[in-house]
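Sequences listed follow chains W and F, in order. Residues in the first sequence are numbered consecutively from 1, following our numbering. Residues in the second sequence are numbered consecutively from 1, following our numbering.
Quick caveat, the hints were computed from the structure, so don't treat them as lab data. Quantities reported herein were computed from a predicted structural model and do not represent experimental measurements. Watch out, some of these pointers could steer you wrong.
A few chain F residues that face chain W, going by a derived Cβ cut-off under 7 Å, partial list only [said to hold, decoys possible]:
(1) ALA17
(2) ALA84
(3) GLY203
(4) ARG328
(5) LEU346
We put the CB at the ideal spot given by N, CA and C, even for glycine.
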Amino acid sequence: MTTTLPAYDEVVARYEPVIGLETHVELGTNTKMFCGCPTDFGGEPNTRVCPVCLGLPGSLPVANKAAIEAIIRIGLALNCSIAEWCRFARKNYFYPDMPKNFQISQYDEPICVDGYLDVEVGGETVRIEIERVHLEEDTGKTLHVGGATGRIHGATESLVDYNRAGIPLVEIVTKPIPGTGALAPDVAKAYVTELRDVIRTLGVSDVRMEEGSLRCDVNTSLNLPGQEWGTRTETKNVNSLRSVERAVRSEMLRQASVLDAGGRITQETRHFHEDSGDTTPGRSKETATDYRYFPEPDLVPIAPDPAWVAELKAALPELPRVHRRRLQQQWGLSDLDMQSVLNAGAVELIEATVAAGTTPAAARKWWLGELSRRANESGVELAQIGATPAQVAELQGLVDAGKLNDKMARTVLEGVVDGEGSPTEIMASRGLEVVSDTGALTAAVDEAIAANPGIADKIRSGKVAAVGALVGAVMKTTRGQADAKTLRELILERLGVQG
Amino acid sequence: MSDLTRMTASEIASLVAGGETSAVEVTRAHLDRIAAVDDRVHAFLHVDTDGALAAARSVDERRAAGEELGPLAGVPVAVKDVLATRGVPTTVGSKILEGWRPPYDATIVQRLREAGTVMLGKTNMDEFAMGSSTEYSAYGPTHNPWDLSRIPGGSGGGSAAALAAYEAPLAIGSDTGGSIRQPGAVTGTVGAKPTYGGTSRYGLVAFSSSLDTPGPCARTVLDAALLHQVIGGHDPRDSTSIPQPVPDVVAAAKLGATGDLTGVRLGIVSEFVGEGAEPGVMAAFRESVDALAKLGAEIVEVSCPTFAYALPAYYLIAPSECSSNLARFDGVRFGLRVGDDGNRSLEEVMSLTRETGFGPEVKRRIMIGTYALSSGYYDAYYGQAQKVRTLITRDFTAAFERVDALISPTTPSVAFPMGARTADPYQMYLADLYTIPANLYGGPGISVPCGISEGLPVGLQVMAPTMADDRMYRVAAALESAIGTFTPPAL
Ligand SMILES: [Zn+2]
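I would like the entire structure built from these sequences, with the hints used as guidance.
Structure follows, in structure tokens:
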């Protein structure tokens with residue numbers, strides 16, 4: 001696709017976007033949704049399987065109570081009503097990664113409905129309405145070999161791994177989100193981020209987008225102001241928080257260019273490409289499969305005891321929004337400062353760094369400064385940068401102890417990010433340490449004075465500002481390992497001048 | 001020792017327990033009988049000679065070691081080929097599962113093993129339990145031991161014929177619309193469909209999940225009750241299994257056998273004694289009703305008007321569920337795979353496998369069910385059928401406020417000649433007219449021999465409220481005590 005895209009500002013000046021998000025979360029239960037197989041990640045293909053999750057003839061599902069508890073807690077954290085009675089449904093379609101050629105899911109009777117999640121974007125609170133939260137089983141994974149596209153069509157061989165088949169999956173669907181204008185991409189990202197944080201706080205999933213335990217589909221449409229909502233597309237394969245934002249933006253731009261040219265938007269599934277940031281069409285929804293949903297006859301309805309639901313509600317942990325407000329106070333940050341911490345995805349990182357003994361200010365300085373810069377440069381999430389809160393705290397400890405100066409600390413941090421080891425290890429391997437041994441330093445200073453008699457005389461005659469030249473000279477010979485302040489005092493002392 | 005194959009299960013069990021015969025001896029007698037007659041009857045799809053003898057030896061060893069054995073230890077049992085048996089072929093009467101040896105046992109099979117019964121092999125059935133004559137088996141039909149030119153009923157014709165041919169004293173069946181009771185009726189044997197959820201479906205290859213009910217088949221009511229007691233009860237691996245103990249069906253059968261039904265109110269289903277049934281069937285039924293009245297039962301007529309809609313509702317619900325249940329047979333993970341020659345796509349292989357592996361009746365029902373669940377038709381077909389199901393349940397509930405159990409003929413006709421109905425599916429479906437309502441409701445039903453018409457056995461059906469399986473055993477055992485059992489001509 002090489003069509004020239006319109007500028008984003010122009011697009012949002014002419015069109016109003018409506019977005020919607022469908023998020024899948026793999027629950028971290030010990031066993032699968034409908035059998036006793038373990039859910040641990042990895043393992044040789046087809047080793048975490050049994051007659052049930054392989055869909056062998058005669059096998060029957062039994063619902064995992066821990067998964068039902070987890071989804072109810074998610075529903076409660078998202079302010080949903082919890083159904084007093086609901087059922088699983090079968091979604092019928094043929095695909096080899098589905099052992100039974102139907103997926104046990106929920107259809108018109110989801111367990112959680114009508115909730116909301118408040119997110120903060122640009123200092124404003126945006127309320128995202130949640131339509132439903134339901135429980136289903138994950139599919140296996142297929143690998144198509146020999147085709148040009150890696151898809152099933154044209155493949156010479158297809159391999160299936162059913163280890164993932166039957167892992168409990170929670171689907172969280174928002175209502176359409178209109179009225180966000182130019183902020184639509186940011187709102188989408190903020191929502192997924194907040195959702196991830198909520199679920200992580202509940203401890204029901206590790207919500208890792210890169211491992212697929214959090215997966216997101218983004219719906220986007222554009223309409224002219226005052227007109228009906230446009231035809232939406234569903235973008236799949238959005239595998240990072242950053243991609244959520246990029247996918248919405250790129251789809252807005254693409255749709256605008258189609259509409260500008262007098263075209264119409266096709267209702268379809270599109271695939272997001274991490275490298276180019278583009279979307280390309282997948283299967284068209286206009287020829288959508290009829291899933292022939294009907295209530296799953298092998299499972300009795302779920303009827304959670306209201307008293308149990310009330311107990312779960314009372315036991316919910318402090319949710320991220322409340323938690324953040326508390327942190328903001330503790331850290332003494334303005335709304336604006338807190339917002340930049342949030343935007344950088346640094347709340348938990350700073351919190352953990354502070355917990356490891358660093359002051360909030362210093363922790364914030366590293367995560368929002370040097371590390372955010374590196375994350376942006378390499379296009380990864382801050383949390384994936386390669387430096388841990390413990391390492392940052394260790395680094396700051398070295399600075400506080402006077403063993404590293406600011407410049408050296410930055411160099412050490414580069415090494416940490418590049419995976420060279422812990423700050424202490426890198427200091428050792430790179431031979432970096434503030435020269436605090438005055439004997440060695442004094443020698444270097446005397447040497448510099450002897451080598452620059454003119455400057456020394458100037459300083460002796462009262463031009464103290466000239467000391468900078470000697471500091472520079474000593475820094476050069478000690479490869480920057482001296483503390484500038486100490487050095488300055490030492491030079492003046494050797495020259496017999498009061499600072 | 002008199003012929004072991006002519007004995008009831010309870011007789012065999014007590015001989016084994018008393019050391020008067022061994023399980024191995026009993027097993028050999030039945031294996032010999034199978035070898036002698038099954039080429040004519042074709043009740044079995046697979047005879048597990050080695051497995052049966054090994055199980056029998058183990059029972060004998062345990063008895064010799066002084067272990068306490070269950071009430072059916074050492075008794076041979078034939079298992080319908082719809083239940084998964086570890087390492088033993090399980091085909092469901094279909095080519096699509098030819099050669100499949102399950103890696104696990106159905107719960108019922110496991111319970112049979114634990115009880116020390118001896119599994120002789122797997123019995124013939126209509127493909128995927130869809131049929132009323134066993135003529136839809138992909139492996140050839142089973143013949144009725146009363147008249148080898150006639151059908152043994154279906155889908156569990158193999159289990160019923162094995163009993164009538166004295167190849168086994170006990171058998172397991174599964175009843176989705178009458179597949180235990182109707183074969184029982186036309187072979188002169190006893191077949192009980194327990195309360196839905198009273199017997200585990202784990203390992204029962206599903207036809208229609210909300211209707212399928214495995215249950216016992218035997219030549220006497222007491223034997224059926226003994227088997228019911230062994231296989232029944234809660235199973236945590238089946239979500240729809242009822243977490244309650246099995247009603248005491250053995251005690252009920254023994255109580256019934258005393259021949260006293262004083263205080264028991266029985267309701268004849270008015271809708272099932274009209275013009276639909278053959279005169280000979282009605283005559284045998286009427287005589288049995290008189291016999292029940294003589295035993296002290298109070299007889300009334302009860303109208304259940306919605307039962308007239310049971311057949312159409314059933315032929316939407318069962319195919320709908322089957323269209324989904326049978327989707328897994330695609331050649332990817334187990335069973336038949338056709339056309340995987342390196343040139344065809346996966347989709348083509350899946351479709352060719354199903355095209356080749358399923359028989360015409362199975363395909364017909366998959367098509368009907370797929371249509372009934374389609375978007376735009378769901379409400380009119382599947383949805384409507386579910387409403388009818390609710391109404392039928394109400395009729396049952398109302399009836400059981402007036403009577404303790406309902407009675408009717410089990411099936412409108414005696415065993416029909418082979419080939420008579422295969423050209424007309426609707427005529428075939430009519431064989432289950434009287435048995436289907438109990439499946440839609442979920443309550444228990446039993447067929448007990450009640451007479452002879454045109455030289456062929458007739459069955460009477462007793463239906464009871466859910467989890468009151470004991471009541472139907474009492475009534476059935478009482479009738480049996482009054483009119484006796486029926487022996488087919490020698491093969
Ligand atoms: Zn499993």
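Structure-based check of all given hints:
1. ALA17: violated (32 Å)
2. ALA84: OK, holds: ALA84 of chain F within 7 Å of chain W, min 4 Å.
3. GLY203: Holds. Min distance 4 Å.
4. ARG328: holds (5 Å)
5. LEU346: holds (5 Å)
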